[in-house]
Amino acid sequence: MSDAQRLLERGVTGAPPVATKPRVPILMVDDNSTQRLALKAVLLELGCSIVEADSGIAALRCVMAQDFAVILLDVMMPDMDGFETASLIRQRRQSEMTPIIFITAHAKDEIATTDLYAEGAVDFICAPVAAHELRAKVSVFANLFIKAEELAARAQEVQRSADQLRLLTDAAPIGIFQTDVENRYVYTNPRWTEITGIPAEDAAGRDWDTILGSEARAGLIAELPDEDVHRAEICHRFEIELPESGSRMVLVTSKAVPDGDGGSAGWVGTLADVRRTLRRRPRTS
255 MSDAQRLLER GVTGAPPVAT KPRVPILMVD DNSTQRLALK AVLLELGCSI VEADSGIAAL
315 RCVMAQDFAV ILLDVMMPDM DGFETASLIR QRRQSEMTPI IFITAHAKDE IATTDLYAEG
375 AVDFICAPVA AHELRAKVSV FANLFIKAEE LAARAQEVQR SADQLRLLTD AAPIGIFQTD
435 VENRYVYTNP RWTEITGIPA EDAAGRDWDT ILGSEARAGL IAELPDEDVH RAEICHRFEI
495 ELPESGSRMV LVTSKAVPDG DGGSAGWVGT LADVRRTLRR RPRTS
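For what it's worth, this note's numbering labels the leading residue of the sequence shown as 255, then goes sequentially.
No lab work stands behind these hints, which were simulated from the structure alone.
Built from N, CA and C at the ideal position, the CB exists for glycine as well.
No incorrect hints appear here.
Here are the in silico distance ranges between beta carbons for each label pair:
no., residue 1, residue 2, range
1, E448, A519, 25 to 35 Å
2, E387, G514, 39 to 49 Å
3, D424, A519, 19 to 29 Å
4, A359, R420, 49 to 59 Å
5, D434, D335, 48 to 58 Å
6, L421, R347, 29 to 39 Å
7, P512, R420, 15 to 25 Å
8, R347, G301, 28 to 38 Å
9, R408, S501, 43 to 53 Å
Make a model of the complete structure from these sequences and hints.
See below:
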């Protein structure tokens with residue numbers, strides 16, 4: 255087993271972590287310090303954060319320490335060349351999709367481009383490197399990286415909002431439910447389960463006929479207006495049969511969820527125990 259393979263298995267990291275909200279990170283891999291300095295001078299104009307590695311092993315440490323927008327990888331390096339380094343980078347799930355641009359000293363007409371792409375490159379540049387060409391190619395991946403980071407941040411925010419909403423509905427003192435376009439339950443909160451006596455896992459995927467009964471469904475449908483059904487809000491009181499404790503009078507209020515095309519994507523609503531509400535209402539003189 256090579257040193258590189260052992261490094262991948264151990265998960266050793268060696269590159270320093272980047273600061274919070276860093277500039278776009280780019281990994282530059284070249285054993286020639288003069289070449290790295292020249293490339294760095296060109297790329298700094300893009301406002302990128304440059305991480306340098308002088309060998310394939312050092313490059314592997316870097317990709318295990320952080321994500322990169324693009325990797326500039328010299329083909330000809332001692333001990334571990336660019337092809338082997340790229341292959342090992344591609345073996346890690348976290349870095350298998352990281353763009354790699356090979357830097358080669360061969361002239362374009364001497365390069366078997368299919369071999370470069372087969373080794374994991376998305377592009378290549380011939381040395382001596384033209385500054386405008388390097389900046390143009392790197393900026394494409396830098397912009398893609400920024401967009402991906404923004405999308406990931408938005409997705410996290412959406413997930414946080416969904417989690418907060420779920421906590422709110424789970425703690426609500428009234429039954430809350432959601433159905434799909436076929437009127438099958440996709441969500442019921444704990445209070446809904448307390449009122450109906452039906453666990454959420456038993457309700458999931460079942461039509462409200464089988465939960466509330468056909469008479470209750472008929473009553474709900476009767477409340478629907480003749481027009482604008484998909485924007486309707488209905489309120490109906492009826493009895494439901496409980497699995498173990500007989501019947502219970504409930505009040506259901508539900509509203510159609512618009513699907514954006516003038517139709518309905520399902521229903522959301524509340525379920526209240528009417529008799530318990532009446533029993534708790536204080537008497538007036």
